[in-house]
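So the protein sequences, as listed, match chains A and B.
Numbering of the first sequence is given in the working numbering, commencing with residue 1 and proceeding in unit increments.
Numbering of the second sequence is given in the working numbering, commencing with residue 1 and proceeding in unit increments.
Hints are supplied without guarantee of correctness; some may be wrong.
Just so you know, same-sequence chains aren't split out, so a pair can sit in one copy or run between any two.
With a straight-line Cα cutoff of 20 angstroms, these simulated EDC-like cross-link-like pairs (lysine to aspartate or glutamate) come out [unchecked claim]:
hint	residue 1	residue 2
1	Lys389	Glu94
2	Lys61	Asp293
3	Lys129	Glu144
4	Lys265	Glu287
5	Lys350	Asp115
6	Lys389	Asp370
7	Lys389	Glu283
8	Lys22	Glu289
9	Lys162	Asp370
10	Lys387	Asp51
It is worth saying that the hints were derived from the structure and are not from the lab.
There are 2 protein chains.
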Amino acid sequence: MKATGVVVEHNPFHNGHFYHIKESRKKTAADIIIAVMSGNFLQRGEPALVDKWSRTEMALKAGVDIVIELPYVFATAQASDFARGSITLLEALECEAFCFGSEEGTIEPFTRSYDVLTTQQEAYQNSIKQYMQLGLSYPKALNEAYSDITTHLNLPLVDLSKPNNILGYHYIETACQMQAHIKPVTIQRIVANYHDNVDQDQSIASATGIRKALFDDGSIEALGKFMPHTSLEQLLKWKDSIGVFGSWQQFWPLLRHTIIRSSTKNLASYAEVTEGIEHLIHEAARECETFEDFMSRVKSKRYTWTRIQRMLTHIYTGFTWESLKEHQKPTYLRVLGMTQNGQKYLSEKKKNLSLPLVSRVAATKDSLLDLDIHASDLYQLGLQSPKIKQPVGMDYRKPPIIL
Amino acid sequence: MKATGVVVEHNPFHNGHFYHIKESRKKTAADIIIAVMSGNFLQRGEPALVDKWSRTEMALKAGVDIVIELPYVFATAQASDFARGSITLLEALECEAFCFGSEEGTIEPFTRSYDVLTTQQEAYQNSIKQYMQLGLSYPKALNEAYSDITTHLNLPLVDLSKPNNILGYHYIETACQMQAHIKPVTIQRIVANYHDNVDQDQSIASATGIRKALFDDGSIEALGKFMPHTSLEQLLKWKDSIGVFGSWQQFWPLLRHTIIRSSTKNLASYAEVTEGIEHLIHEAARECETFEDFMSRVKSKRYTWTRIQRMLTHIYTGFTWESLKEHQKPTYLRVLGMTQNGQKYLSEKKKNLSLPLVSRVAATKDSLLDLDIHASDLYQLGLQSPKIKQPVGMDYRKPPIIL
Chain A
1 MKATGVVVEH NPFHNGHFYH IKESRKKTAA DIIIAVMSGN FLQRGEPALV DKWSRTEMAL
61 KAGVDIVIEL PYVFATAQAS DFARGSITLL EALECEAFCF GSEEGTIEPF TRSYDVLTTQ
121 QEAYQNSIKQ YMQLGLSYPK ALNEAYSDIT THLNLPLVDL SKPNNILGYH YIETACQMQA
181 HIKPVTIQRI VANYHDNVDQ DQSIASATGI RKALFDDGSI EALGKFMPHT SLEQLLKWKD
241 SIGVFGSWQQ FWPLLRHTII RSSTKNLASY AEVTEGIEHL IHEAARECET FEDFMSRVKS
301 KRYTWTRIQR MLTHIYTGFT WESLKEHQKP TYLRVLGMTQ NGQKYLSEKK KNLSLPLVSR
361 VAATKDSLLD LDIHASDLYQ LGLQSPKIKQ PVGMDYRKPP IIL
Chain B
1 MKATGVVVEH NPFHNGHFYH IKESRKKTAA DIIIAVMSGN FLQRGEPALV DKWSRTEMAL
61 KAGVDIVIEL PYVFATAQAS DFARGSITLL EALECEAFCF GSEEGTIEPF TRSYDVLTTQ
121 QEAYQNSIKQ YMQLGLSYPK ALNEAYSDIT THLNLPLVDL SKPNNILGYH YIETACQMQA
181 HIKPVTIQRI VANYHDNVDQ DQSIASATGI RKALFDDGSI EALGKFMPHT SLEQLLKWKD
241 SIGVFGSWQQ FWPLLRHTII RSSTKNLASY AEVTEGIEHL IHEAARECET FEDFMSRVKS
301 KRYTWTRIQR MLTHIYTGFT WESLKEHQKP TYLRVLGMTQ NGQKYLSEKK KNLSLPLVSR
361 VAATKDSLLD LDIHASDLYQ LGLQSPKIKQ PVGMDYRKPP IIL
């Protein structure tokens with residue numbers, strides 16, 4: 001059986017994701033699609049709309065065969081670490097290819113850019129540093145440095161000002177550095193850009209647009225044309241059983257309490273909190289009643305929205321720099337769900353996999369896994385939903401979903 | 001002007017407190033009554049029903065002339081430290097006497113007991129330790145050890161199984177150890193015992209009984225016969241402007257999040273958390289949806305309810321063993337409110353006071369005071385009241401109440 005990997009968040013699953021799965025299968029002639037999926041906190045540094053179980057069900061019902069959790073440490077990390085975690089897992093799962101959506105649409109510009117930057121590594125890194133000293137955020141600095149190096153080359157290189165291209169670049173970088181067997185493939189993203197609002201005349205909208213529409217209108221049904229009906233049903237089921245969707249707005253009372261309770265010295269110990277921003281974070285939390293107010297107080301040219309949200313995620317879960325340093329690579333393959341086809345693939349490969357398969361968390365001792373369980377517990381509390389009547393510790397009780 | 005001190009919590013102010021103030025004034029022929037009052041967290045280890053400002057207003061309207069805040073470190077401490085903080089403040093305020101309510105009602109048995117225990121200090125402490133090793137809580141062990149030492153003496157000693165006698169004993173102990181000028185006086189507590197429920201045929205009820213009636217019935221008006229009308233008005237005003245009363249039930253979502261977010265190692269760093277109880281606290285918080293369930297999981301013969309609640313207070317505010325060790329004595333006199341008479345007294349004495357008077361917090365740098373401000377902020381957040389529209393930091397904005 002031939003497997004192709006994809007790296008996803010599905011927050012929530014929509015028609016663009018459906019297209020991505022279908023095209024990945026077609027383009028690589030895959031028997032099995034394996035998705036490495038982020039848990040309850042995402043790369044943009046925010047709590048997921050619905051939990052990993054609900055999103056796993058969405059994925060399995062729309063063409064994915066196996067869902068593996070990307071551990072918290074990598075799921076909430078900057079692009080290069082996020083990519084390292086993801087590709088390591090897909091390689092360990094013996095996927096023959098991995099397929100990512102990009103603005104670029106073909107793989108050659110990625111590999112060519114990687115070659116150029118590798119040969120000019122030192123000049124490139126110095127240039128990034130210089131731009132950052134001028135007050136630019138990391139992605140902007142990177143982009144300027146990249147332009148400086150590549151403009152005179154007159155080669156078809158990848159445009160690294162596009163968010164999915166950046167991620168794609170890091171996938172290629174990781175695969176090359178690991179000397180992975182897995183083969184990179186890319187497909188062109190269609191229609192919706194990353195941050196685009198929902199356009200009722202289109203059937204493809206970005207997840208960001210869908211979330212915005214959901215929070216603005218509160219109507220789930222209106223989103224039906226942007227996602228498979230199985231995903232819509234999942235959203236409705238969540239709304240019915242939990243009552244609220246995950247967001248920093250929802251988590252704000254607990255996040256705010258956590259920030260104010262901490263000393264600034266303590267805040268600075270959490271991953272990604274640097275350069276004295278802990279003082280601003282502490283002061284803004286004291287002053288601001290809402291998450292929106294808080295963000296507009298903290299946001300500056302220096303840091304992207306995403307970067308600040310990642311700091312907040314780590315403050316919320318208590319994840320420190322020290323712990324970040326300790327966890328450089330995934331150490332297990334946690335199965336969140338699978339189809340019967342997926343199950344067959346895993347039984348076939350089980351003995352050859354280079355990382356242990358985890359389906360029962362209670363039977364596994366692993367400090368990286370402890371962080372996932374911890375993050376899940378805090379996600380459940382953050383919802384502050386009176387409808388949730390069960391104690392935390394869902395990860396201990398819930399076996400993989402089998403479809 | 002002659003001042004008499006009292007040590008109070010007024011949670012809430014009731015007829016028993018009114019009697020205490022009136023009798024204290026009469027018995028000591030005082031011109032001025034100075035109350036040292038706990039802030040927003042109390043000696044039983046719980047958040048106050050209404051905040052310190054509201055309770056200050058109750059006190060001033062019912063006969064107290066000056067209200068001084070007992071700093072968090074002492075207000076939430078075991079009896080001996082609570083007494084040390086209180087008496088130190090009253091001595092610094094140049095009170096000629098302090099007057100406490102006790103089950104005993106006369107001062108001689110207290111001083112006699114102090115003399116007996118001081119001369120047999122070592123045997124007494126060893127005996128307490130031995131009883132604790134048998135699994136008794138500290139107050140029970142103390143009481144048994146005290147019985148062993150005193151039964152054969154055939155002297156009129158104080159009965160240390162009574163909560164107000166215990167506190168009274170520690171006041172005397174502190175005053176003696178400090179060689180304080182302040183003279184101890186006691187008056188007999190009338191009618192209601194510490195934990196008694198509200199009895200509609202009596203006009204005196206304990207504060208515990210009143211709080212219970214308030215949370216059980218939710219009716220404030222029914223409490224009118226147990227408190228001065230000015231206190232009742234204050235409760236109604238609070239209910240109207242804040243909407244909820246302080247309690248661990250109300251604070252539970254934030255307390256629970258704080259416990260679950262912490263590692264057990266971290267929990268053990270907070271004041272009063274000892275002997276591995278952090279594991280039980282962590283486990284119980286994960287399992288229990290409500291504060292009641294949590295307490296019934298954690299409660300054992302080994303620890304009193306009050307002791308456990310004090311641990312929770314320190315976990316909630318992030319107050320560590322280390323910080324406890326750093327703060328052995330009050331370092332300022334924080335004025336929460338005063339009558340014009342009280343103001344006159346303070347201007348008269350200002351130059352001779354052995355501790356600095358603090359009326360504007362923003363102008364003062366003191367690490368002990370920082371803890372009070374921090375506790376106030378977390379109290380405000382704990383209420384989780386959508387009616388509170390102001391940022392935290394009330395302590396910076398609010399000048400002393402002047403009546």
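These are the hints, each one checked on the structure:
1. Lys389 <-> Glu94: This pair counts as neither: shortest intra-copy Cα distance 40 angstroms, inter-copy 55 angstroms.
2. Lys61 <-> Asp293: This pair counts as neither: shortest intra-copy Cα distance 39 angstroms, inter-copy 39 angstroms.
3. Lys129 <-> Glu144: This pair counts as within: shortest intra-copy Cα distance 11 angstroms, inter-copy 70 angstroms.
4. Lys265 <-> Glu287: within (19 angstroms within a copy, 31 angstroms between copies)
5. Lys350 <-> Asp115: neither (35 angstroms within a copy, 77 angstroms between copies)
6. Lys389 <-> Asp370: Neither: 23 angstroms inside a copy, 38 angstroms across copies.
7. Lys389 <-> Glu283: Only across copies: Lys389 and Glu283 sit 17 angstroms apart there, 35 angstroms inside one copy, limit 20 angstroms.
8. Lys22 <-> Glu289: neither (44 angstroms within a copy, 43 angstroms between copies)
9. Lys162 <-> Asp370: Cα proximity of Lys162 and Asp370: none, with 34 angstroms in one copy and 47 angstroms across.
10. Lys387 <-> Asp51: For Lys387 and Asp51, only the intra-copy Cα distance (15 angstroms) is at most 20 angstroms; the inter-copy one is 31 angstroms.
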